[in-house]
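Peer 1: Sequence:
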Amino acid sequence: MKKFTFSVLIAFLLSYTAIGQTYPTPYNLALLGNYSMTDWASTSTAGTYPTSMVFHKLSQVNPNLSSTEVGNITGSYSLSTKTRMNGLGAGGFSFTNSNTTPDNTGYQTNRGGHAILAVNTTDRTNVQVSWTAGCTNVQIRKYAIRAQYRIGTSGSWTDVISGGGEYSSVSGVGSTNFGPVTLPASCDNQSVVQIRWVYYFVSGASTNASTLFVDDISVTSIPLVTFSPLSSVCINTPSFVLSDGQPIGGVYSGPGVVGNTFDPAVAGAGTHTLTYTYTDGNGISNFATSNITVSSSACVPTTALTTASCGAVNLSMSSYIYCDNVYQAQDYEFEFTNSGLGYSQNRVRGQAVPSIGLSAVPGLLYGQTYNVRVRAKVGGVWGDFSGICSISLQAVAPTTQLTPTFCGASGISTNSSISCNSIAGADNYEFTLTNTSLGYSQVKYRGQGLPNISLSAFSGLIYGTTYDVSVRAYINGAWTDPGATCQITLNGGVPTTTLDGASCGATGLSRSTGTITCTSVASAVNYQWRFYNGNTLVTSVTTGGTTNTLGNIQGLIAGNSYNVDVRAKIGTTWGSYSTRCSITLASAVAMDEIIEVQRSMEINDASTISDFNLYPNPTEVGGFVNLSFELPTSMEGNLISLDIIDISGKLIHSSKYNSNVGGNFLSVPVGTEFSSGIYFAKIMIGSEMKTIKFLVK
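When you line the sequence shown up against this note's numbering, it's residues 4 to 700, in that order.
Since the hints were derived computationally from the structure, they do not count as laboratory data. There's no promise every hint is true.
[Claimed, not checked] Per label pair, the in silico range of CB-to-CB distance:
#, residue 1, residue 2, range
1, T156, Q331, 57 to 65 Å
2, S347, G252, 45 to 53 Å
3, G366, T439, 32 to 40 Å
Cβ atoms here follow ideal geometry from the backbone N, Cα and C, with glycine treated the same way.
Full structure from sequences and hints, please.
Peer 2: Okay, structure coming up:
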């Protein structure tokens, strides 16, 4: 037998427990180390018990395994008769039941008893119990002593050793060492596990029962060590601190482990087993392992919507949602889904910006909720999508109307543009102008998501008239309701036009090719130009556009200056003439015009008429224009028509000739009907036509 000792000093200080406890205070295996009871002296004070143990009386005479405790044994441990417990010193303690009365103080006849040990197995595993049990005195009345356990302080008891594991006096005087026996895993990590050694009746009848003892009780355990599963990592994942082992304070080991950090690059690709070893304050160790897989491919950290964006509600198309930033991310991809609508849309943000405006996501609808996932791109590789977050758009789409600048504006010309309030996500705007009294209503679409429109897009507007204007926006395939109606009033007459800055005061204009331009008037159908020599009207010309070619105007003379005014016509109404501007024509045919005419004299090429020439070119008034050309045999005897037309299309000369096979020559005098300018000589033979340009100086 061993001397009664404990593994740590604090255990010794707790060796004796005060009287009155129904159940013992559990022995904390994590704090105090292994439990040991190897000695109980006969001189121990009545009502005291070994550390974390209590001795109990049982509920019936000659107790059986179903008997329950009814109170503490509080008698002396040195008695020699009647029902009693004895301290055996290094031999432990013993139970003896007897029929003899009266009872010993602190005992009850034939109701002894059991010894309960309580242990706290918090953060402990592999709890093992061992003991010695035996018989010192055999009587006709046979008893046995058996070890049982339970979790907590109530409920049924379970045998420590399946099938019994007891010492019976039937075996005679002697002893048996039991264990160590590992308690089931259900006993691990419990605040209270009770173990009892119950002294119970087997058979026979006599005054005294057999005496049985318990000695050398030992309860050991090791730390409950866990190592949580590790997520797979990539070969490029930076080294990271391992913190999944419990209890804290242990040591990590394995491939790629230095101290408490794991470096995937050092460990290399593959699956590695890491070990976490923990040693408690009593020098007792245990370990746990966990596998980690290192992928040979580079990987990308995950991201997700920020806390503020995840679950956001009442959003509009102008709202932005944000995701967590990923270091060195090149891009972010946002996924929007709504299974009920069959909707799915992915948008890559671009420029490594961890946010996206909802206006950039086609097809989102107001009043709907969408699931959103996001992923990052690093080093050219896309990471995995995050978990799902929901976002909800406000129930009703916002409306638009004319901006304050234009709502109620007056004096507007048809040249003007009107603007509405911009709506995020709108890719079209519908402007409706109405005047009920006139029966007028027109709808125009702006397109391109631009919140403005020129009034020139509306035909039939009348100056001095007020119109109602309503606007609605087209957002992701649906039109919003129109906003508030505004009024605009047009100014009272046709806007004035004038020669533009390049034309007003221009000099050296070519008589034949020069142009002048006026400013545009919205909805104008015509422009009327007047040319004055001093205050004398020379000519008036009407054009359909804002550009006027001087070569088309009769009566202008090269080298002269003219005062020009212009007005616009809208519908059937002419506006006022502008202030006159001076222009000056070049005094002679410009050399570049001569070169251009010579460069491209012949206009029609797809003809069987060949060697077509005109000379001299340029020519002069009082001279001649000579034409020569070759005809094929098939044209022999056909009539030749010659027309000479000025640049305005006016016929200046017309004549007819009989054709010759081979060479033909025509000569036309340049009389006073010709003036300086560009002309076209056109010959026609049957279905063949040839035109050539020439210049008169």
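Peer 1: The structure should be examined with respect to each hint, and the outcome stated for every one.
Peer 2: Status of each hint after checking the structure:
1. T156 to Q331: 57 to 65 Å: holds (59 Å)
2. S347 to G252: 45 to 53 Å: Distance hint for S347, G252 holds at roughly 50 Å.
3. G366 to T439: 32 to 40 Å: holds (37 Å)
Comparing the model with each earlier hint shows no violations; every hint is respected.
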